[in-house]
Amino acid sequence: MRQRVAIVGAGMSRMDLPRYELAEELVAEALTELLEDTPDLNINDIDCHIASYFSDHFEQQLAMHWIINDYIGLSSKPVFRVENGGATPLDAVIVAYWGIVTGQYDICLVTGWEKMSEVHTPKVNEFIALASDSDFDFPVGGFYSGYYAAMAVRHMHLYGETEEDLARIAVKNKNNALKNPYAQWASQYGKEISVEDVMNSRLVAWPYKTMDCALISDGAAVLVLAAEEAALKLTDKPVWITGVGLGSDTMRPGDRVDNPVWRGRFAECEESYPDIWSKPLSPYPEMTNLASVRLAARKAYEMAGITDPLKEIDLMELLGPYTGIELAMYEDLYLCPHGKGKELIRNGEVEMGGSLPVNISGGVMGQGHPVGATTIAQACVAFWELREEIPDKFGHDDMQVDGAKTAVVQGHGGTGAVGAVCVLQR
Amino acid sequence: METKILEERKYDPNWEIWSEKGNLSPLGYKIVKGQSGHRLDRLSQAEYFISTQAHGTLYHHSCGGLSQFYRGLLKKELWGTFCPQCGFTYMPPRSHCWNPDCRLTKCEWKRLPHEGVVHTYTIMGFSAAPFLSMLPFILVFVRIRSANTTIAGRMKGIDPADMACDMPVVLEFIDEPRGNPMDFYFRPKEGVKTARTSKEVERLRKQLEPVREWVKKNFGG
Ligand SMILES: [Zn+2]
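Order-wise, the sequence lines are chains G and L. Under this note's numbering, the letters of the first sequence match residues 1 to 426, in that order. Under this note's numbering, the letters of the second sequence match residues 1 to 221, in that order.
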């Protein structure tokens, strides 16, 4: 029998650009919240510390997790950094889960942070683009908004969603964030937006305008995971990690069209590919979807016994840095058939009050996207949802999904070079 | 064996001085009053010291087994690789076949045709720092004829509104190639007409206007 693993505590900093505090102070801000909410946890009880930050370039500091580790009183404890692009924070949670599930540790702290405000925005884009292929994709002027935009263009070409469909996703996420007192969008913009506002925002990479894109943020988030026995001593409301899945795909999105490893692996997605002459040998994921995420979801759902995700999952926090990839991932996460992602946003199923609200927090385009903290922060919101603590955390009950029992948190890195899915249940 | 230089395009030696110049010495500072606090309903003000530093360096990147590709660019030739076992053709090239059945078979070089098809594209209105002055530009992923992968590049000689997936293109070289993927670009192979509605064309033009103005303002003419 595997050891059961629960999340027993969560905390996050307010997200903003800039936050003037040091990274370690932001982690302390998040950890203070966790400690206040988990009074029986002593820092000395932590057996292992798994740290997450994305880039050494943002602060010209390698091994930043060593600074964080002693700052919060953990010197003497095992610590290491997980680095996996945008998937880093959720992967750090998964590594902590492994540490416990194997019986090696009872209590693991996961910290995540990023300070992206020290260099100007085009430089931020350049540093992030260094996590794309810097021999072929970056030197011709590519950067992440461009790669994702090209992927969305192909998805729109094959499956027919419109710029307005994509804009609706931005409206959902950003307006959700207005109700979140930790959210960057709430302080940075602070008022409701419409589809028209998205359409009129500045072009970044067609079809994406600024409002279709993730924010650039400073912030931190933390979780404490514990083995069953320890968990039940620390809280009477543990949130169990019941499913975990990972996957990968090519670094360069352009390599995916005929990739031999995908052939025949996704029969359910290949039928939906339109009958056109340029059909590649691997019609899924093509350049439109994220196979790494689909594999991760398959594995995580199987482990958690989820067979009808749209019905069985009560809320989802996913890493949608661009509106089009959130839409494509509705498909990759089995919420709808391949090519039908647009239906979920058109009919409101992913809105608050719909059958499966996605990114109640506002996600990366609302709550914020300090890369190393992002999905840990989203997991914090999922944790509070499952414990029905949103009214206390947000100061109102508009965003609490009543009786939520199952949440999914998804992360990925690159243009889907790696993907991760965690199922959380109370 | 000693390494011999066969050919060299020299760079300005001032770059060596530049690369040692900044290296995190403090250049300036400011003291600001800014926002602090854990949640939006608990904000406060605090004062912060902000220090400005610079750091840069030169990289000397060997292109390894793919050197043939870059030397080909200097001669305005497109060289890709293929796997002698499964026949998969790579552009961008790879030294080893990635097909798991081929067990990392060593690929061989072949010249590829200077034409292909736009698999997908985007019209860039913003970019990473080194490319800002070139905005707006069209980024394309092109499947070179006979290749099993697509390569990222630039599209020229077309109104952005006329761009479409699956468009046939030809590959052309700049006048003085430097051994960089920017040495070549793509042009439409045939006459093109827009696949967009007139409303969509108008909208795209409107979206591009502020980009052009911004570039003009920041980089001139
Ligand atoms: Zn082969």
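It is possible that part of the hints are untrue.
No more than 25 Å apart at the CA atoms, straight line, and that leaves these computed lysine-lysine pairs for DSS-like [as the list claims (entries may be wrong)]:
#1 L/LYS217 with G/LYS123
#2 L/LYS193 with G/LYS123
#3 L/LYS30 with G/LYS279
#4 L/LYS193 with G/LYS279
Partial list, computed: chain L residues near chain G (C-beta under 7 Å) [claimed, not checked]:
#5 PHE126
#6 ASN148
#7 ASP166
#8 GLN207
Keep in mind that the hints were calculated from the coordinates and are not lab data. Source: prediction; values computed, not measured. C-beta: ideal position from N, C-alpha, C; glycine also.
Here is what the structure says about each hint:
Among the hinted pairs, L/LYS217 with G/LYS123 is consistent with the structure: their alpha-carbon atoms are about 19 Å apart, no more than 25 Å. A C-alpha spacing of about 36 Å is found between L/LYS193 and G/LYS123, which places the hinted pair above 25 Å, so the restraint is violated. Between the alpha carbons of L/LYS30 and G/LYS279 the distance comes to roughly 57 Å, so the proposed pair goes past 25 Å and is violated. Distance restraint check for L/LYS193 and G/LYS279: the Cα-Cα separation of roughly 22 Å lies within the 25 Å cut-off, and the hinted pair is therefore satisfied.
Of the supplied interface hints, the one on L/PHE126 holds, with its beta-carbon coming within about 5 Å of a beta-carbon of chain G, less than 7 Å. For the restraint placing L/ASN148 at the interface with chain G, the shortest Cβ-Cβ distance is roughly 4 Å, inside the 7 Å limit, so the hint holds. For the restraint placing L/ASP166 at the interface with chain G, the shortest Cβ-Cβ distance is roughly 5 Å, inside the 7 Å limit, so the hint holds. Checking L/GLN207 against chain G by beta carbon gives a least distance of about 4 Å; that is within 7 Å, so the hint holds.
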